[in-house]
Amino acid sequence: MSVSAQSESPLARLSRVTVPAPAALNSALARWQQTRLSQLATATLPTPRDDAWKYTSLRSLDRRDLSPAADGLEAQELLAQLPTLGSHRLVLVNGRLDTTLSSPQLPPGCTLTRFDDYFSQVPEALFAGDIHLIEDRLRYVNACMTRDGVCIEIAPHTQLSEPIEIILLATGQGAYPRVVLSVGEGAQVQVLEQHRSAANTDSVTVQSMDLRVAPNATLTHTTVQESGHQAIVLAETRVAIQREAHYAHQWMALGGQMNRLDLKVSLEGHGAHADLSGLFFADGSREQHLRTLLDHQVAHTQSDQRYRGVAAGRGRGSYDGKVVVHKNAQKTASSQSSRNLLLSPGAEINTRPQLEIHADDVKCSHGATTGTLDENMEFYLLSRGLERSAARALLTFAFIDDVLKKLTPSALRTRLEAAVLARLPDAAILREFVT
Amino acid sequence: MTAITAGDLILSVRDLKVSVNDRSVLKGLNLDVRAGEVHAIMGPNGAGKSTLSQVLAGRTDYRVDQGSATFLQEDLLALPAEERARRGLFLGFQYPVEIPGVNNVYLLKAALNARRRAQGIPEVDAYEFLTLVREKMKLMQMDDSFLSRGVNEGFSGGEKKRNEILQMTVLEPTLAILDETDSGLDIDALKVVAQGVNSLRGSERAIILVTHYQRLLDHIIPDFVHVLADGKILKTGDRTLALELESRGYDWVLEEARA
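Protein chains in written order, with the working numbering: chain F, 20 to 454; chain V, 16 to 274.
The hints are simulated quantities; they were obtained by calculation from the structure and are not laboratory data. Predicted model, so just to flag it, every value in this text is computed and none were measured. Here a beta-carbon is modelled for each residue, glycine too, at the ideal position from N, C-alpha and C.
Below, simulated EDC-like cross-link-like pairs (lysine to aspartate or glutamate); rule was C-alpha separation at most 20 Å, straight line:
| hint | chain 1 | residue 1 | chain 2 | residue 2 |
| --- | --- | --- | --- | --- |
| 1 | V | K250 | V | D238 |
| 2 | F | K425 | V | E168 |
| 3 | V | K175 | F | D393 |
| 4 | V | K206 | V | D158 |
| 5 | F | K424 | V | E113 |
| 6 | F | K350 | F | D323 |
| 7 | V | K42 | V | E270 |
| 8 | F | K283 | F | D229 |
| 9 | V | K175 | F | E394 |
| 10 | F | K424 | V | E168 |
| 11 | F | K341 | F | E375 |
| 12 | V | K175 | F | E397 |
Residues of chain F clear of chain V, computed beta-carbon distances all greater than 10 Å:
| hint | residue |
| --- | --- |
| 13 | R82 |
| 14 | E245 |
| 15 | H292 |
| 16 | S304 |
Work the whole structure out from these sequences, hints included.
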């Protein structure tokens, strides 16, 4: 029996890719990858039958070429479209650090190591036996394919006045960025992760991020997804929050054809706090999916989740959030809120807040709503003479802006407000309301 | 559009029958309102007062079964709500809705400019508009914080009603329908609201006050008082009718109508 190339798993095709360039074979990472790549030959992508992928179908990957993209010539052009928000930029093109496009150096207190070098020094810190081919297929794929990722270490008590920008550009085919960030004790840092891709290219990004927030440190992390309309981005971010540390994440999912974030947060120390918020905008035939896991491992930890979703046209979105409270994690406080807006009959949003509580003295709340625009609000605006389309756009924007207006720095907020406005009808009228 | 002068017919409702969820609410209502007039429509709860206000303003979850409503010689019922507003019809809501995230004053500016575009006059600039709004806010005893807040967001009941009247005084409608504007107001707030409404009285416009109680009419003297009960205007009189209703209730009007 012959198997046609069409029905072969994209991962199987990937297993035959000659990734490690001969010169790089000398590195520990390349050797590690070499021995594991062949395992992908029999691997398949997760399907909606897997509970973790219930709302996300990866069928569209069947038709994509996942082999690692060459250096992207369009990168400079893509970068030029992004106004700078600080003076510290790391630019990864198709997953690989581009030193010519990046800032020459990071601010004092920050050390940048090439991921390949970092892996040679501490392999167990990264792949400490917790990659399971079946359960963590995409993380596994990233591990097998990543090259020239970055590892940033922030020294204890560093206070940065400007954010560090990590810009991820994709120009076609596969990109496998790996980012490791370790925030030292008592440090205060903001990281802006921004995704862009060349228009009309079938890029596929499979990304892994590992963040560690040491005791008493604060990490504010903003992810802005503005990839082109054919881009597929599957990202996993793992966060470990230690004693009295604070991690804030803002997810701004505006672009891409399909964009998915798996955000796995471990609250590992007494007083650890995770504050997650964000919005997705799934218009056209776009898909935006978010899956969160908040793992409260010890007592006196707190997590808050506040998400807004909007789907229009045939757009689809999902919020699949789970909070796990371990047996000894008494006095856990956790809140989950997912509010969603459907703007057209063809749009779809699934939301599933879940709680798994093994302790008895906890305060956990969750709420999820999905609905259409409020008719009473709409009628009120119409009765004041506003066009129906303007009234609807205004209410949509107000719904979104509730999350947007909390973004920092303000230059980013202004830019994203303008980007959202530009995608709503009657932008000219709306602009008056937000200036 | 020719200027409106006292006595011109602004609104004419003929044999209007309206139902909500297959329940008949208005059962053949007739009403003529002319420029310069203030009409009070009173009636017991459930008589159809709010339905009349909402139908005239263009709410679509009511079904018009029969009859007509003509506003400035146009078929009002054929116009969408926003077109009615632009032609000069204003509804002061019984329960003004809170719209977080939509700025109160920008909404008012957008509303005024929509009206002005329809009238063929230039839009107001920001400075001119702010001067106008500040003047009207002073009249309504509203402080500057109203400028920056979301539409009715976190407003008390009284503040919401004052905000409705503020909008009305800025928009200067040809026909203002004020639905239970007095409900939930203490006597001081009632006086402020009445002052706002009285400031707008004039020969080029008309006002319909829909109310349950006569106390508003101590402060805004109506030219006509109508009793709306069982889906129809059963009786029309001058302001003394309101006083009579206050002391005798509505039952006698219903009995008189049945007789």
